[in-house]
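S.K.: Generate the whole structure from the sequences, applying the supplied hints.
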Amino acid sequence: MYNVWWRGKKQGFNSKSLLKDRDWLDFIKRFEEVRGRAYLRKSHVYIFLKTTYEENKFISRYNLKDILNLSEASTRTFLKKMVKLDIASTIKGGHHLTLYGKKLAEYIINKIREFRVTNEKPLPYRYSWGAAINHPFELGKLIDLRDDVIRNGGEAALILVIEDNEIIFPESKEKLSTYNNELSDRLMKEIGGFNCQFIIISFSNNLYSSRLSVLDAALNYIERV
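Quick note, this note's numbering runs 1137 ahead of the 1-based positions in the sequence shown.
Just so you know, the hints here were simulated from the structure itself, not pulled from any lab data. All values derive from a computational prediction rather than experimental measurement. Note that the Cβ used here is the ideal one computed from N, Cα and C, for glycine as well. Any given hint could be a false lead.
Stated by the list, open to error - Distance windows between CB atoms, simulated:
1) 1342 - 1229: 33 to 41 Å
2) 1274 - 1220: 21 to 29 Å
3) 1217 - 1322: 43 to 51 Å
4) 1175 - 1319: 36 to 44 Å
5) 1280 - 1314: 19 to 27 Å
6) 1272 - 1217: 13 to 21 Å
7) 1199 - 1303: 15 to 23 Å
8) 1166 - 1220: 12 to 20 Å
9) 1345 - 1192: 37 to 45 Å
10) 1198 - 1163: 38 to 46 Å
11) 1199 - 1163: 27 to 35 Å
12) 1208 - 1284: 52 to 60 Å
13) 1199 - 1327: 51 to 59 Å
14) 1175 - 1293: 34 to 42 Å
M.R.: Okay, here's the thing in structure tokens:
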């Protein structure tokens, strides 16, 4: 019971309209096609869109290299792909979002907000990253979400559900506090468990891999529901 939850330029773009789900899915399909064999991920796109949109200014390749934790060559490749997809354009000193890129950023930021990813942060356990999500769920989709964390680089993943202000294991309904009361209390405080319906935690050999695996899995989850 416990182990079930633990495992070691865009065609037809209308600049005046809001993007819909199918527009995002169309973009992701094209992204998958153009990235080829490069180590580029959906989570890299999300972080780039969110950071560039919220800062509302161009971003240099050197800053982006640190933000995405990519090598210089991979960062250069990433930006070339973003320009090819008409998300970003090049200006002296860096890159900024095109109108289409801004629309995509608005869409995915709002989508994340709609799914109430109320917290997304490192946790004080070795190389772990968690996200609290306040959205109705199905048991089967949570299993897919857990497995998706592993597929996206997490070495282990843990799914926990909040019921009656208690953290429980989804299938057995056992309380986490039964095994570790201190951990249960700390999670509720650190990740805002009182304001969510379930928590996903990824563990890896470095913090950034844990974060990317959570973000990739969350983005995939949002596309499926």
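S.K.: All hints are to be evaluated individually against the structure, with a verdict given for each.
M.R.: Evaluation of the provided hints:
{"no.": "1", "hint": "1342 - 1229: 33 to 41 Å", "in the structure": "39 Å, holds"}
{"no.": "2", "hint": "1274 - 1220: 21 to 29 Å", "in the structure": "37 Å, violated"}
{"no.": "3", "hint": "1217 - 1322: 43 to 51 Å", "in the structure": "47 Å, holds"}
{"no.": "4", "hint": "1175 - 1319: 36 to 44 Å", "in the structure": "43 Å, holds"}
{"no.": "5", "hint": "1280 - 1314: 19 to 27 Å", "in the structure": "23 Å, holds"}
{"no.": "6", "hint": "1272 - 1217: 13 to 21 Å", "in the structure": "35 Å, violated"}
{"no.": "7", "hint": "1199 - 1303: 15 to 23 Å", "in the structure": "46 Å, violated"}
{"no.": "8", "hint": "1166 - 1220: 12 to 20 Å", "in the structure": "18 Å, holds"}
{"no.": "9", "hint": "1345 - 1192: 37 to 45 Å", "in the structure": "20 Å, violated"}
{"no.": "10", "hint": "1198 - 1163: 38 to 46 Å", "in the structure": "27 Å, violated"}
{"no.": "11", "hint": "1199 - 1163: 27 to 35 Å", "in the structure": "31 Å, holds"}
{"no.": "12", "hint": "1208 - 1284: 52 to 60 Å", "in the structure": "29 Å, violated"}
{"no.": "13", "hint": "1199 - 1327: 51 to 59 Å", "in the structure": "32 Å, violated"}
{"no.": "14", "hint": "1175 - 1293: 34 to 42 Å", "in the structure": "27 Å, violated"}
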